[in-house]
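**Q** These are the residues of each chain, in order.
Protein chains: 4
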Amino acid sequence: MSENPKPSAGKFDADNIHRLAARVYYEDTDFSGLVYHARYLNFFERGRTDSLRCLGIFHHEIATHDEPTAFAVRRMNIEFDLAARIDDALVVETIYRPSKGARLMMDQRMLRGDETIARVSVQAICIDLTGRVKRAPKWMTKLWLPKVITPA
Amino acid sequence: MSENPKPSAGKFDADNIHRLAARVYYEDTDFSGLVYHARYLNFFERGRTDSLRCLGIFHHEIATHDEPTAFAVRRMNIEFDLAARIDDALVVETIYRPSKGARLMMDQRMLRGDETIARVSVQAICIDLTGRVKRAPKWMTKLWLPKVITPA
Amino acid sequence: MSENPKPSAGKFDADNIHRLAARVYYEDTDFSGLVYHARYLNFFERGRTDSLRCLGIFHHEIATHDEPTAFAVRRMNIEFDLAARIDDALVVETIYRPSKGARLMMDQRMLRGDETIARVSVQAICIDLTGRVKRAPKWMTKLWLPKVITPA
Amino acid sequence: MSENPKPSAGKFDADNIHRLAARVYYEDTDFSGLVYHARYLNFFERGRTDSLRCLGIFHHEIATHDEPTAFAVRRMNIEFDLAARIDDALVVETIYRPSKGARLMMDQRMLRGDETIARVSVQAICIDLTGRVKRAPKWMTKLWLPKVITPA
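Protein chains in written order, with my numbering: chain A, 1 to 152; chain B, 1001 to 1152; chain C, 2001 to 2152; chain D, 3001 to 3152.
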């Protein structure tokens, strides 16, 4: 029998930008024939989650860790530049930005080949399991610090 | 037999704010136990669509009209203030803002009782069926102009 | 100021069938112009959840009850008869069927006026919070027993 | 700069079973902590779409072909055997079954390692762009016939 295939995994490239590929399926489109606007956020979330996974930070593990931690999105500014369509092969780029305290700042971009489909600035925060805001645990900030890119 | 029930419909109140009620279901939550962040955009979209429906503007009709028109979201700034939970009864408020040319500007708020759950500023644009940006048809702007609230 | 609007709520009619109205929004459609097939399951789940709510059974309460209980879907047979479209006003009918032990059997139908859009037979089971199958608590079966309709 | 990553693509293995890998993300889970039942259908649809893509059948192309064709799901029988969880790496297996006229019959299975998570039998039909049922075009049946596995 054949070996089990693996889901597409992103990685941090040499430029410290994390890239994850994704395909547009039926479920992502709406009756306009294009991708439903809220679905772009799903693709961006997959990029953030996959980038954290690359650093060794797993949602289900940090929730049951000594210092239980989860992330919540606090603010998003999104530009919808072009429309993605069914069957499109997309790349989600995730850039870690300088962050303090409870915050985790990221800039993300969705590309189809050379075209920019959408861009988002995300402010996430660390919370404990009761939903209270808390500083990012030190072991976590140590993991993402080497990937931070200061805006030009 | 009993008369057919009707889906919840919003309306413009005397203050020119459109209000639509919505319920949080299983499908809206994620494994954090709270509403998945991208789902707030679905609730906001229902509010915008319902407000246009109240003015006599139906997505499926304007697409097949003499001057075929659709709306696309061009930009969104979102604040996630509090987390909504399963079974919550929410109200989506939609406020029309002064808009020019192809643009339709709206501010929206999601409430649970007196609490603000999330806020969004939306810039939508009118497009034709090939995706090209076009001015909002006059018959349409006439319909929404009486509802526009200039920010204080 | 105006009173807060309420989300559409279903009810059990005199024939013991639960009926919940729902509207098709952008999010429910796909690029075929029709409702995405998996979304019908969301509408059906809203019907089941609302019918339980009408009986006083709330998902978030039974999860933290003395005898913590949740429902999981174990089997579904679905017929997709006609396609629903954007802006359609639908009614979801839910019928409780004779059930034993851990099982909760339901038949559901989605209607648009007099037309049947889709039909589903659902076998749900009661589980505890570790995912183990358990008998439905007696206080719960007492609540739904009066609504059970034996198939003709 | 690094080469663009590609989304995970499935393939037909030597046993004529199509296998596509997929990852469970936040968007797929619900407040039970597990995957929301309707989301399994999305994963199965990705498997069917990817298997057709492997044969050279693309949804957006066949819709604008000389003989415009689309697929609609007509019937599904689903067994939910085990629950999938966030971060799970899944494999969707798709098997083509003997089909006649307008029908396309498939059996699908979702696996996590050696465990069966869910199974579905799908009856899809070919429709034209007005939604009318039509025979599958010959050029299409020729493409999938070599992959058909007759049930034992």
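Calculated directly from the structure, the hints in this document are not laboratory data.
These numbers come from a predicted model, not from an experiment.
Note that beta-carbon positions come from the ideal geometry of N, C-alpha and C, so glycine has one too.
Don't take each hint at face value.
[Unchecked claim] Under 10 Å between C-beta atoms, here's a sample of chain B residues computed to sit facing chain D: (1) Y1026; (2) E1027; (3) V1035; (4) A1038; (5) C1054; (6) M1105; (7) D1107; (8) R1109.
**Q** Each of the hints needs a verdict: does it hold here or not?
**A** Checked hints:
Hint on Y1026 of chain B holds. Least Cβ distance to chain D is approximately 5 Å, under the 10 Å limit. Interface hint at E1027 of chain B: satisfied, since its Cβ lies 6 Å from the closest Cβ of chain D, which is below the 10 Å cut-off. Taken as an interface hint, V1035 of chain B checks out: its beta carbon lies about 9 Å from the nearest beta carbon of chain D, inside 10 Å. At its closest, the beta carbon of A1038 of chain B sits 7 Å from a beta carbon of chain D; the interface hint therefore holds under the 10 Å criterion.
Checking C1054 of chain B against chain D by beta carbon gives a least distance of about 29 Å; that is not within 10 Å, so the hint is violated. Contact between M1105 of chain B and chain D, as hinted, is not supported at the beta carbon level, the nearest pair being about 29 Å apart and thus beyond 10 Å. Taking 10 Å as the C-beta contact cut-off toward chain D, the hint placing D1107 of chain B at the interface is violated, the least distance being around 26 Å. A hinted interface residue such as R1109 of chain B counts as satisfied when its beta carbon comes closer than 10 Å to some beta carbon of chain D; here the least separation is about 24 Å, so the hint is violated.
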